[in-house]
Amino acid sequence: MRIRFALGLLLGLLAGALGTPVDAQPAEGLKVYISVDMEGTVGAVTGDQLGPSGFEYGRFREFMTQEALTAIRAAKEAGAAEILVSDSHGNGENLLIEQFPKDVRIIRSWPRRLGMMAGIDETFDAAIFIGYHTSTDNPEGVRAHTFSSARLTSVKLNGVAVSEGAFNAAIAGHFGVPVVMVSGDAEVIDEIRNLVGDVEGAAVKNALGFHSAATLTPQAANELIASKVKTALGRLDEFQPYKLDSPVVLDVAFKHYRPVEVLGYLEIVERTGSHSIRFRGEDMVEVSDFVNFMLNYDSNAQP
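Each residue of the sequence shown is one higher than the last, beginning at 0 in numbering that gives the first Met the number 0.
Worth flagging that the hints you see were computed from the coordinates, not collected in a lab. It is possible that some hints are incorrect.
Straight-line C-alpha distance at most 27 angstroms; calculated DSSO-like pairs for lysine-lysine [claimed, not checked]:
#, residue 1, residue 2
1, Lys30, Lys242
2, Lys229, Lys75
3, Lys155, Lys254
4, Lys30, Lys101
5, Lys101, Lys229
6, Lys30, Lys75
7, Lys30, Lys229
8, Lys242, Lys155
9, Lys242, Lys229
10, Lys75, Lys101
Keep in mind that this is a model prediction, so the values were computed, not measured.
Could you put the whole structure together from the sequences, leaning on the hints where they help?
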């Protein structure tokens, strides 16, 4: 599909060189992956918005859904023919699926291989992140954490601290898929750009603290998201997949001592400190599988 997109650009340039007027047309037949989190949704600042027990959760499920739908509509206007959406927050059951177009598939709930990027493969042309947040290593950003605010204090890949966004970009990169756009607070956009590259960013709020922000309204946020998605897919040829050298070294620091002790019993895990471990994976698929195991295994799990 990228070849078809590049061919269209070449034909347009040739037509221009021959003096034939050419109107800009969206690329056709693109396959787009959209991963949707909630902490980076417009207006979200505390647990009051982010889980079923929060008094504003119902309203913010609507806001999260509308941001995802905005990205879908904009992607289609930019030439997307196939879209897969990943509900990647909390219990994975946040998006109001009855509001989605019938030609869109939605991934829900956990556990699932590749986590927040479940279902991605080499057939996709672009990945978009909606509602993302900064990493647990970042002193700035609303609700900054990586995978688990209750359990982890640092996550690194090949010695570099990463957010969920960078981790997921590396999964996409494993399959040759570039991340082209991210929405969330201004701080997460800066953080992802520093590692992944010059992605388009829709800053729907600015962090004032871990639990406070200066935010756009939902209407303004959706207008911004739509604009950035179209711009990103309009310059798809400028993006490169975020690929890590193999093997991929994962370093994780925990808040508590006991999980590190037990994980250290495994031969594939190196205990690097009282609260930290290291795992070496052949690629990001192996690393993602280990992270999913590490965060989800429970001997009492049923069924």
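Hint by hint, here is what the structure shows:
1. Lys30 <-> Lys242: holds, 20 angstroms
2. Lys229 <-> Lys75: Since the Cα atoms of Lys229 and Lys75 sit roughly 9 angstroms apart, the hinted pair holds (cutoff 27 angstroms).
3. Lys155 <-> Lys254: With Cα atoms ~15 angstroms apart, Lys155 and Lys254 stay inside 27 angstroms; holds.
4. Lys30 <-> Lys101: At roughly 16 angstroms apart (the allowed maximum being 27 angstroms), Lys101 and Lys30 satisfy the hint.
5. Lys101 <-> Lys229: holds, 21 angstroms
6. Lys30 <-> Lys75: Roughly 10 angstroms between the alpha carbons, so the hint for Lys30 and Lys75 holds.
7. Lys30 <-> Lys229: This hinted pair holds, its Cα atoms lying about 14 angstroms apart.
8. Lys242 <-> Lys155: Within the cut-off at roughly 15 angstroms; holds.
9. Lys242 <-> Lys229: holds, 24 angstroms
10. Lys75 <-> Lys101: This hinted pair holds, its Cα atoms lying about 13 angstroms apart.
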